[in-house]
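Q: Just so you know, UniProt numbering puts 159 at position 159 of the sequence shown, and the rest follows in order with no gaps.
Just so you know, not all the hints are guaranteed correct.
[To be verified] Simulated DEER-style distance windows between Cβ atoms: (1) Arg80 x Ala230: 52 to 60 Å; (2) Ile78 x Ala230: 16 to 24 Å; (3) Pro53 x Ala163: 15 to 23 Å; (4) Trp113 x Asp170: 24 to 32 Å; (5) Thr43 x Ala210: 17 to 25 Å; (6) Ile212 x Asn83: 51 to 59 Å; (7) Val207 x Trp96: 17 to 25 Å; (8) Ile78 x Arg174: 42 to 50 Å; (9) Asn83 x Ala108: 19 to 27 Å; (10) Arg145 x Asp170: 50 to 58 Å; (11) Asp56 x Pro203: 53 to 61 Å; (12) Ala108 x Arg145: 23 to 31 Å.
Hints were generated in silico from the structure; no laboratory data involved.
All C-beta atoms, glycine included, are put in the ideal place defined by N, C-alpha and C.
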Amino acid sequence: MSTLAAQRGSAPLRGLASSLSSLSLQTPSGRAFSTTPAALTKTIALHRIPAFPIPDYPLGPRLIYKQSNGGLSATTRIRRGNNISSDHKVKTPRAWRPNIHRKRLWSAALGVWVRARLSLRVLRTIRKEGGLDAYVLKSKAARVRDLGPGGWKLRWLVMRTAAVRARFADERARLGVVRPAGVEDEDNTDLVHVLVDGATPGPLSAVSRAIIARRAEAVAADRMAWDVAALQAQGQEFALGEEAELAGDEDVRGAGEQVGGTVEELDAAIEAMEKDEAKRS
Numbered sequence: 001m002s003t004l005a006a007q008r009g010s011a012p013l014r015g016l017a018s019s020l021s022s023l024s025l026q027t028p029s030g031r032a033f034s035t036t037p038a039a040l041t042k043t044i045a046l047h048r049i050p051a052f053p054i055p056d057y058p059l060g061p062r063l064i065y066k067q068s069n070g071g072l073s074a075t076t077r078i079r080r081g082n083n084i085s086s087d088h089k090v091k092t093p094r095a096w097r098p099n100i101h102r103k104r105l106w107s108a109a110l111g112v113w114v115r116a117r118l119s120l121r122v123l124r125t126i127r128k129e130g131g132l133d134a135y136v137l138k139s140k141a142a143r144v145r146d147l148g149p150g151g152w153k154l155r156w157l158v159m160r161t162a163a164v165r166a167r168f169a170d171e172r173a174r175l176g177v178v179r180p181a182g183v184e185d186e187d188n189t190d191l192v193h194v195l196v197d198g199a200t201p202g203p204l205s206a207v208s209r210a211i212i213a214r215r216a217e218a219v220a221a222d223r224m225a226w227d228v229a230a231l232q233a234q235g236q237e238f239a240l241g242e243e244a245e246l247a248g249d250e251d252v253r254g255a256g257e258q259v260g261g262t263v264e265e266l267d268a269a270i271e272a273m274e275k276d277e278a279k280r281s
């Protein structure tokens with residue numbers, strides 16, 4: 001009986017062994033294995049956008065429901081009222097909180113994801129407008145009121161990008177709007193890069209630090225030019241280098257003579273005072 005069972009099971013085993021031996025683990029040369037690297041994108045937080053170079057929100061910060069200052073919740077706020085029982089008319093205080101969600105929305109102008117706390121009504125309006133950029137760029141008074149301080153900062157960033165500035169220039173040309181003489185469109189694209197980097201968790205990149213240093217040098221040069229122009233307008237001379245040092249020495253000597261002595265005498269008096277204080281201590 002056992003020999004018969006072994007004979008019956010040997011045929012399938014031989015067929016399985018032959019099929020396994022015929023398998024090949026080599027991939028065909030025509031289909032090489034490859035992967036496409038994912039595009040690197042940033043995710044910034046709306047409430048982390050720095051507020052320094054951005055103009056103040058024209059309507060000011062919200063004093064009621066202050067949580068909306070860092071998000072997109074339009075004019076919603078916490079509503080308070082009472083539950084009144086139908087039988088005995090007993091009032092029970094309660095509150096209705098806004099329907100706030102935490103979403104990540106794509107900004108095509110900035111090329112980053114923006115994570116923000118927003119109400120469901122604002123999310124529906126963003127989808128109707130066609131995206132986050134279209135929502136913040138609308139210039140109606142009601143939209144500016146709905147943006148709040150957080151949306152105002154995002155609006156400034158989007159308006160300073162190269163794509164939006166080019167679109168505004170095309171609209172001005174199409175409408176025939178002439179720019180006044182002496183007014184130039186300031187290019188703040190580098191500041192957009194710095195602010196986006198500042199809204200990202202972690203330290204600033206080397207590119208952002210280089211932009212800040214270059215901006216600081218430009219501001220210092222402009223301030224120096226303004227000081228020189230002011231001195232020239234007053235009829236005074238502006239000295240640099242050794243001339244400034246000589247002028248400083250003359251000012252010190254003049255101050256010493258006004259006090260009543262030379263510079264050497266003043267130095268000796270200061271040393272004597274320091275020695276007296278050391279003895280007292």
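Q: Run every hint past the structure and note whether it holds.
A: A quick look at each hint next to the structure:
1. Distance hint check: the CB atoms of Arg80 and Ala230 are about 58 Å apart, consistent with the given range 52 to 60 Å.
2. Between Ile78 and Ala230 the C-beta distance comes to about 53 Å, which lies outside the given range of 16 to 24 Å.
3. A hinted range of 15 to 23 Å for the beta carbons of Pro53 and Ala163 is consistent with their spacing of about 20 Å.
4. For Trp113 and Asp170, the Cβ-Cβ distance of about 27 Å falls inside the hinted range of 24 to 32 Å, so the restraint holds.
5. About 23 Å separates the C-beta atoms of Thr43 and Ala210, a value consistent with the hinted range of 17 to 25 Å.
6. Between Ile212 and Asn83 the CB atoms are about 55 Å apart, so this pair conforms to the stated range of 51 to 59 Å.
7. For Val207 paired with Trp96, a C-beta distance near 47 Å fails the hint of 17 to 25 Å.
8. The beta-carbon spacing between Ile78 and Arg174, approximately 45 Å, falls within the hinted interval of 42 to 50 Å.
9. Look at Asn83 against Ala108: about 46 Å separates their beta carbons, and that is not inside 19 to 27 Å.
10. Between Arg145 and Asp170 the Cβ separation comes to about 28 Å, which falls outside the hinted range of 50 to 58 Å.
11. In this structure, Asp56 and Pro203 break the distance hint of 53 to 61 Å, their C-beta atoms being roughly 27 Å apart.
12. At roughly 25 Å, the beta-carbon separation of Ala108 and Arg145 lies within the given 23 to 31 Å, and the hint holds.
Hints 2, 7, 9, 10 and 11, counting from the list given before, are not met by this structure.
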